[in-house]
Amino acid sequence: DTGVSQDPRHKITKRGQNVTFRCDPISEHNRLYWYRQTLGQGPEFLTYFQNEAQLEKSRLLSDRFSAERPKGSFSTLEIQRTEQGDSAMYLCASSPAVEGVNGYTFGSGTRLTVV
Amino acid sequence: GEDVEQSLFLSAREGDSSVINCTYTDSSSTYLYWYKQEPGAGLQLLTYIFSNMDMKQDQRLTVLLNKKDKHLSLRIADTQTGDSAIYFCAEKRGGADGLTFGKGTHLIIQP
Chain A
1 DTGVSQDPRH KITKRGQNVT FRCDPISEHN RLYWYRQTLG QGPEFLTYFQ NEAQLEKSRL
61 LSDRFSAERP KGSFSTLEIQ RTEQGDSAMY LCASSPAVEG VNGYTFGSGT RLTVV
Chain B
1 GEDVEQSLFL SAREGDSSVI NCTYTDSSST YLYWYKQEPG AGLQLLTYIF SNMDMKQDQR
61 LTVLLNKKDK HLSLRIADTQ TGDSAIYFCA EKRGGADGLT FGKGTHLIIQ P
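Taken in order, these protein sequences are the chains called A and B. In terms of our numbering, the first sequence has 69 at position 69, counting the first letter as 1, and numbering is strictly consecutive. In terms of our numbering, the second sequence has 86 at position 86, counting the first letter as 1, and numbering is strictly consecutive.
Careful: at least some of the hints might be erroneous.
Listed below are the simulated DMTMM-like cross-link pairs for lysine to aspartate or glutamate, each with C-alpha atoms no more than 25 Å apart in a straight line [unchecked claim]:
#1 A/11 <-> B/38
#2 B/67 <-> B/26
#3 B/56 <-> B/26
#4 A/57 <-> B/5
Stretches of chain B that chain A covers, calculated by requiring three or more beta carbons in the stretch to come under 8 Å of a beta carbon on chain A [what the hints assert, rightly or not]:
#5 43 to 55
#6 92 to 99
#7 102 to 110
Hints are computed from structural coordinates only; laboratory data are not their basis. No residue lacks a Cβ here, since even glycine has one placed at the ideal position from N, Cα and C.
The task is simple: from the sequences and hints, build the whole structure.
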């Protein structure tokens, strides 16, 4: 296992289009997180899955955002009707059930640019 | 306040020690983390400290935790140019599933 993989690395889209990102966590990790990072800021928590169940959503996650983890393995994050303010790095992280001692392993992110 | 706070920039010379400071928000935070981010890359976990500890050392890294003041620091000994990066402090707040990050400290190591 080579860590948390995210695809694509970069995405440029026109305002109003829909985009979907994929995250493949470390295989033995049952927890998966999505974060958003804008320029000059730290990552901001968006949502969290334990296995296939989405257990927490931040108020940052508007109705245009939806995340799934259908089989408890990979996850997708979809943004509908993209806006310029959605331009950011979208980071995925995973952790085992007892995350404290291992922290969260982050992927390299998907950089979204909305033009 | 609501924010995890860090100074934005820190500069040091190669071979010196660098100390990055952080003030967190929640006295019930269980774990506190330091992450490193290099340009265009994701976040790399450097070290963590559990809230019942006041110090942790890991090779060149020393973490100090002052729970009373909610202050966390990361000392990097014998800094190298490869240590130049953005360093994020993060807390796992009680009852929360995600981490709350600071804005990051840009560490610049000069030869």
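Okay, the hints, checked on the actual structure:
no. : hint          : result
1   : A/11 <-> B/38 : holds (20 Å)
2   : B/67 <-> B/26 : holds (10 Å)
3   : B/56 <-> B/26 : holds (20 Å)
4   : A/57 <-> B/5  : holds (23 Å)
5   : 43 to 55      : holds (count 5)
6   : 92 to 99      : holds (count 5)
7   : 102 to 110    : holds (count 3)
Every hint from the earlier list agrees with this structure, and none is contradicted.
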